[in-house]
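**Student:** Letter by letter, the chains look like this.
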Amino acid sequence: MEILKFGLKFFKKYLPLALLTQLMGFSLIFLSLLMPQLARMIIDFVFIPLDSTYMGSEVAAEGIFSFLLDGYGGIGAMELMVNIALLSVALMAAKHILMYSRNSLQLVWGFKMERELKRLTFDKLLSTSNAVLSRYNTGDLMTIMVSDTVLFRDLYMRIIPYMLDALFAIGISVYFLFNIYAPLALLPLFAIPFQLALFVRYIKKARAINNEIRDSTANLSRNVQENINGVRIIRSFAAEDFEIKKFDKHSSTFKNAYFRQAEFVTKYGFGFNLIRQLLYISCIAAGGALCMVGKIGIGAFTAFISYVFSILDNTTSIVNFTFEFQRFLVCGERIYTFLHTGNIIDEPLSPKQISMPPHIRLENVSLSMDGKAILQGISLDIPYGKKVGIMGSTSSGKSVLLKVLTRLMDPTGGRVYVNGVNLKEIGLEQVRRIYSYVPQEVFLFSNTIDSNIALYDIDMPHEKVIECAKAAQAHDFILKTSEGYDTVVGERGIGLSGGQKQRISVARALAKDAPVLMLDDVTSALDANTEKTLLEDIFSRYPDRTIIITAHRATSVKGCEIIYLEDGRITERGTHEELMELNGRYADIYRRQTADRIGE
Amino acid sequence: MARNTYFQDEVLEEKFNSKQLLRILRYALPYKKIFIGVGAMMLAAIGLSLLPALYIKHIVDEVIPAGSYEGLSLVICLFLLTGLADIIIQFFHGRLMSKTGHTIIYNIRGDIFKKLQKLSFDYFDNRPAGKILIRVTNYIDELAGFFANTLLNFVINILKIAVLMVFLFALNYVLASIILAIMIPMGAFVLFIRSKLGKLFRNVRNKDSNRVAFTSENILGVTIIKSFNRKQKNMEIYGDLVNQSLRGWRNIHLVNELFVPGVETIWNIGNMLIYIAALSLIIGGADLHVGTVIAFINYIGTFWGPLNQLSMILQQFTSVSSNLERVFETMDTPPLISDKDGAIELPPIEGRVTFENVTFSYDGKVNVLENFDLDVPKGKTIALVGPTGAGKSTVVNLIPRFYDVTGGRVLIDGHDVRDVTLKSLRSQLGIMMQDPFIFKGTVLDNIRYCREDATDEECIEAAKKIFAHEFISKLPNGYYSELGERGEGLSAGEKQLLSFARVILRDPKILILDEATSSIDTNTEQKIQKALEVLLEGRTSFIIAHRLSTIIRADCILYIDNKGIAEAGTHEKLISKKGLYYMLHKSR
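Just so you know, the protein sequences line up as chains Y and D, in that order. For the first sequence, the residue numbers in the numbering used here are 11 to 610. For the second sequence, the residue numbers in the numbering used here are 112 to 699.
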């Protein structure tokens, strides 16, 4: 219920419009259901009287359009026919005008609602903390933002109005049936329960079949994707035949899932068609018999069939809509939950301003997630211009530390200060302007290399882009690509090697030109020589800036003040010389690595 | 952020190409018996569809006036039989055609996948993976409907309309001509709306795909967007994309909503004209009865289905043909490297590798290797060092024929690699490049990879030999632990060891290894060095080396520079030479 209210919030101001469109809907349905009455008139009062086989039988002048018959006997058949024809065209025109206006008006508030839902979810994506987002995978977020927003608004724009339409249609049809000959209304009552029962079973089973299809589609897709990504190793192992066999399994499963769907659909189709046919034929039988005993006219007979099917079809629609109603409500629930999941990183109510350059200080910072301690008691003083090197094994907390500094994650204990102000009291945007951050996971957008590097400021002069690319040791390989800086990269562009992507990522950070440069393991995909040149270049270009880097190679951090992290704690800290003298973990790693390294 | 520049490719101009359709029809040929059978059933169904209206006519004109209950029962029985027959035909038609359609696309999909296995690296490097994927999945999926429905419907619907028209003319030519006259504006109207909608849909598909891609990138790159203060800008861009999308959909709706009113109006006018014409005829003395009039009104309804389906056919043909264009583009791409005619199986090799006056260029302009000569006896370890881009990778890529030489020959045990089948060649080599390629599956699956005949014990033996057994045993399910895509949960060194195990299982006589990003993981580094010793024993090895221990141990070090071998020799010899290698060694 809450979800429905949540949706209602969106078109509260359109409620009068929505009510209007609903009324329009009811009116046009009524007009629609009048048409069989006109047909009835035509048959009973135009054609039957003139038909030799029916000479003598008279039908009472009844029905909604009996006003046309005023003075019947004095009206010629053709005049009556033309009157009815004109009336029919007029009613149709009225119906269509109502229909078109109603559907167009519904778009007005429907699309506004969708727009708003999309805006809110997108804003949430870009505002909320990593901790919240980590609960969703990419597929989930895509579903919420792309399809749930559409389906949820469809609930209000289409499902609810049309359900109400169908109910109204059934009501009117029942009324008309009674009007023709009350007991006839019983006929649909026999068919409807069967139809409904079959339909409900169908929908339930259809879900399972659809899931099977969805799963087999996803598996096939994944299999082909892996094959494409792994082309080098497949060729290396001459594993083509093996891959073909593997693929065939998935392709067959896919085919069989559709086979099952075909069997399922045709089986139930047979059932539905059978019910419809039987209903139709019994209507003919009943109607025919009633005509024979003179209870109803031929015209009424044809009208009666129309109304029976109207009831059957609308009942089926309602059931169908009910299932969609449930489905779409679930979509709304997902949106609701996503939007209302606690914003763990809050914008401070009155953000404080800080001046540059930044002096950063960590005071006993800890961070625990799901009961696990990732950072423990980190205290670190980083005056502006300091070069900090962070080393430690893969899960020692290096990356998390950097994320805490830029408030992509918040510590669970301790505090971070910038120029004496608590990080939590500074506006998020301002915090992030302090840092040029190169995260460990490289991500390039589907755009030109130039646009990727100039991400922070799209109006950046091209010379600056080139300068940063050079510093990141990327300029040379960029020039070798098909279109240089205009080459499109990312998901939809050409494939770059891991090292090349890393270097563009570094160039991007350099182009932002922030006072603090943070490089999280940016050289893991580079060979030692390239790494050496890159770091040397950066250090020489920005001698005054704060630079914080994490690395696996001790040679990367040699010129910095080094901290060594183990299980989230700083176990060693000092300059390279101090740590070598200390003869601890760092010294051990340094010796091992350099003993065995050779550049190119 | 540029939006439409690079999405253009996905929206190919949709043209109708009959050559492609003929080519695809060949896939339907093996099933022609089914098509013919179903076609015959549908013809019967056409006949059956004429009957109900006739039954009603009979009831109205004869049974009811006569008051005959027997007559009514008879017609009702006929009705039941006709209805049942029709339902049964629909049942078989739906089932058979759907299954046939999916079987045909299963075959097509198999063909394109097999073709992909033959294509060379450049095909994959020059395209985003998504574009290749979509040709194997979505584009082919859409063909199922084409084979299942469109193909036959095209013929059947035309027949149905023709038969119906002939029949109606026989019944009453005046009324029939009215129906014919009505069908023309109805058909024209439907075609008009469909073509307008077609254009609008294409436009909206564009906009939607842009929007969806932008959304996906914002999700994947959310950390970057936050770190680079792009929230506001991206919200603006997104708002803009959403508006464009919605505008497109609004236009579609506004046109689409004209459909039903337009068709119904024409239909209704047609009905009224039938009534009026019938009335004139009757007044004029024609022998026309109510039943016939009712029948004609019913028959107008039966035209609607085939007419509607036919109006969609052109669009379906067009969209299928543009999908086909892309599918065939892949299927027709010639592989750069393939077995030559009469290629022989490479017999079990000893491991002698010879480069004979080899010249190689990637682009045909600049030579990366020139007059390169090298003879490596079996069992020797060769370390390749030198500046980036000098040609080290190129040299080793030529051995498994990842590329073909532009001059000279590469020989294994005296056989030119171009004379033997690729499979017999590569299955005897062990190649480990930079990416260890761990895929989704258990540890055992990853070790075994494509050697289906290897037992679990053999895999475990291989793991033990290269010191991977210890870390594998520590995993939650040991050898049966499921590894994620790309091997999440393992460190870089552990992934390397796993890929070593894979190669040891194969026991190749020639080994190729790229050490470029080694030694990142200090924890496993010692194990890796020991594993290397084991790996290199008894094989001819080519290593693009970065570890000093590897290089010193090599039987011969090749310093690759300037299109060939600049220096060659053992470590001691090259050091004493005080040349390029010496400089390199000193610089660390």
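Hints were generated in silico from the structure; no laboratory data involved. Where hints are given, some of them may not hold.
Residues of chain Y clear of chain D, computed beta-carbon distances all greater than 10 Å [to be verified]:
1) S62
2) T276
3) N374
4) Y466
5) I476
In silico EDC-like links for lysine to aspartate or glutamate, alpha-carbon gap of 20 Å or less [unchecked claim]:
6) D/K225 to Y/D251
7) Y/K480 to Y/E501
8) Y/K122 to D/D319
9) Y/K265 to D/E456
10) Y/K214 to Y/E273
11) Y/K397 to Y/D554
12) D/K551 to Y/E273
13) D/K210 to Y/E236
14) D/K342 to Y/E439
15) D/K242 to Y/E501
16) Y/K259 to D/E572
17) Y/K255 to D/D564
18) Y/K259 to D/D319
19) Y/K305 to D/D546
20) D/K225 to Y/E250
21) D/K229 to Y/D258
22) D/K342 to Y/E126
23) Y/K255 to D/D233
24) D/K225 to Y/D258
25) Y/K511 to D/D233
26) D/K551 to Y/E250
27) D/K534 to Y/E250
28) Y/K265 to D/D222
29) D/K229 to D/E456
30) D/K342 to Y/D258
31) D/K476 to Y/E236
32) Y/K397 to Y/D258
33) D/K210 to Y/E439
34) Y/K511 to D/D546
35) D/K344 to Y/D554
36) Y/K256 to D/D233
Quick reminder that beta carbons are idealized off the backbone N, C-alpha and C, glycines included.
**Student:** Taking the hints in turn, state whether each one holds.
**Tutor:** Hints versus structure:
The beta carbon of Y/S62 sits about 8 Å from the closest Cβ of chain D, which is not more than 10 Å, so the claim that it is off the interface is violated. Listed as a non-interface residue, Y/T276 fails to keep its Cβ farther than 10 Å from every Cβ of chain D; the least gap is roughly 4 Å. Once the 10 Å rule is applied to beta carbons, Y/N374 is consistent with being away from chain D; the minimum gap is 25 Å. Against the 10 Å criterion, Y/Y466 falls within the reach of chain D, whose nearest CB is about 5 Å from its own CB.
The non-interface label for Y/I476 is consistent with chain D: the shortest C-beta to C-beta separation is roughly 19 Å, beyond 10 Å. At most 20 Å may separate the alpha-carbon atoms for a hinted pair to count; D/K225 and Y/D251 meet this at roughly 9 Å. A hinted pair counts as satisfied when its Cα atoms are at most 20 Å apart, and Y/K480 with Y/E501 does not qualify at roughly 24 Å. Proposed proximity of Y/K122 and D/D319 is supported: the alpha carbons are some 17 Å apart, at most 20 Å.
Simply put, Y/K265 and D/E456 have alpha-carbon atoms about 36 Å apart, too far for the 20 Å limit, and the pair is violated. The suggested pairing of Y/K214 with Y/E273 holds, with an alpha-carbon distance near 15 Å, which does not exceed 20 Å. With a C-alpha separation of about 9 Å, the suggested pair Y/K397 and Y/D554 falls inside the 20 Å cut-off, and the hint holds. Under the criterion of a C-alpha separation no larger than 20 Å, the hint pairing D/K551 with Y/E273 is inconsistent with the structure, at around 33 Å.
Straight-line distance between C-alpha atoms of D/K210 and Y/E236 comes to about 28 Å, which puts the hinted pair past the 20 Å bound. For the given pair, D/K342 sits about 9 Å from Y/E439 by alpha-carbon distance, which is consistent with the 20 Å threshold. For the proposed pair D/K242 and Y/E501, the alpha carbon gap of about 10 Å is at most 20 Å, so the pair holds. Between Y/K259 and D/E572 the CA atoms are separated by roughly 29 Å; this puts the pair beyond 20 Å, and the hint is violated.
Taking the CA atoms of Y/K255 and D/D564, the gap is about 14 Å. The hint holds against a cut of 20 Å. Among the hinted pairs, Y/K259 with D/D319 is inconsistent with the structure: their alpha-carbon atoms are about 33 Å apart, more than 20 Å. For the hint pairing Y/K305 with D/D546, the CA-to-CA distance comes to about 85 Å; that exceeds 20 Å, so the pair is violated. Distance check on the hinted pair: D/K225 and Y/E250 sit about 8 Å apart at the alpha-carbon level, within 20 Å; holds.
Our distance criterion of 20 Å between C-alpha atoms is met by D/K229 and Y/D258, whose separation comes to about 16 Å. The hinted pair formed by D/K342 and Y/E126 meets the criterion: a straight-line CA distance of about 17 Å does not exceed 20 Å. For the given pair, Y/K255 sits about 24 Å from D/D233 by alpha-carbon distance, which is inconsistent with the 20 Å threshold. Proposed proximity of D/K225 and Y/D258 is supported: the alpha carbons are some 10 Å apart, at most 20 Å.
As the CA atoms of Y/K511 and D/D233 are separated by approximately 19 Å, the hinted pair is consistent with the 20 Å bound. In summary, the hint linking D/K551 to Y/E250 is supported, as the alpha carbons are separated by about 18 Å, within the 20 Å threshold. This hinted pair checks out: D/K534 and Y/E250 have alpha carbons roughly 9 Å apart, not beyond 20 Å. A distance of roughly 15 Å separates the Cα atoms of Y/K265 and D/D222; the hinted pair therefore holds under the 20 Å criterion.
Restraint check: the Cα-Cα separation between D/K229 and D/E456 comes to about 18 Å, which is no more than 20 Å; the hinted pair holds. For the suggested pair D/K342 and Y/D258, the alpha carbons sit about 45 Å apart, so the restraint of at most 20 Å is broken. Among the hinted pairs, D/K476 with Y/E236 is inconsistent with the structure: their alpha-carbon atoms are about 34 Å apart, more than 20 Å. Of the pairs offered as hints, the one joining Y/K397 and Y/D258 is violated, with about 55 Å between alpha carbons and a cut-off of 20 Å exceeded.
Note on D/K210 and Y/E439: the hinted pairing is violated, with a Cα-Cα distance of about 57 Å set against a maximum of 20 Å. This hinted pair checks out: Y/K511 and D/D546 have alpha carbons roughly 15 Å apart, not beyond 20 Å. Among the hinted pairs, D/K344 with Y/D554 is inconsistent with the structure: their alpha-carbon atoms are about 30 Å apart, more than 20 Å. About 24 Å separates the Cα atoms of Y/K256 and D/D233, which puts this hinted pair outside 20 Å; it is violated.
Hints 1, 2, 4, 7, 9, 12, 13, 16, 18, 19, 23, 30, 31, 32, 33, 35, 36 from the list above are not met by this structure, while the remaining hints are.
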